[in-house]
Amino acid sequence: MKARFAKAPALIWRFASAIPLPMSEVAKSATILVIDDDAEIRYSLSRVLSPRGYQVIEAPSGETGVAMVKKGPAPDLVLLDVRMSGIGGIDGMPFWPPR
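Quick note on numbering: the sequence shown equals residues 370 to 468 in our numbering.
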């Protein structure tokens, strides 16, 4: 399964490099929680988003991500892997507080 997605970090880099740099202080202080069981994906997203002024927090599982959100403060954005064992994708939706 890993070989099928081996180029995912390169695809993330290409997609994320199209994200414009934030223009306001509000955007610069936004917190993004990246939940993925693949360390390379978490690393790639963090590497792309951090220089753009976002505070990136990483969680290796859905359960860890839910615990981080419950502990607070809630992130401004959650990027959640759809296919993970345990809590992932749609299963995680009820845990994120509405904004």
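Please note: incorrect hints may appear among the correct ones.
The calculated label-pair distances, taken between Cβ atoms and stated as ranges, are [said to hold, decoys possible]:
no., residue 1, residue 2, range
1, Ser415, Ala436, 13 to 23 Å
2, Thr433, Ile459, 10 to 20 Å
3, Ser454, Ser398, 27 to 37 Å
To be clear, the hints were calculated from the coordinates, so they are not data collected in a lab. As the structure is a prediction and not an experimental result, all values here were calculated from the model. No residue lacks a Cβ here, since even glycine has one placed at the ideal position from N, Cα and C.
Do the Cβ positions of Ser454 and Ser398 conform to the proposed distance bound of 27 to 37 Å? holds, 33 Å
The hint says 13 to 23 Å between Ser415 and Ala436; measuring C-beta to C-beta, is that right? About 19 Å separates the Cβ atoms of Ser415 and Ala436, which means 13 to 23 Å holds.
Return holds or violated for the Cβ distance of Thr433 and Ile459 against the range 10 to 20 Å. holds, 18 Å
Consistency note: the structure conflicts with none of the earlier hints.
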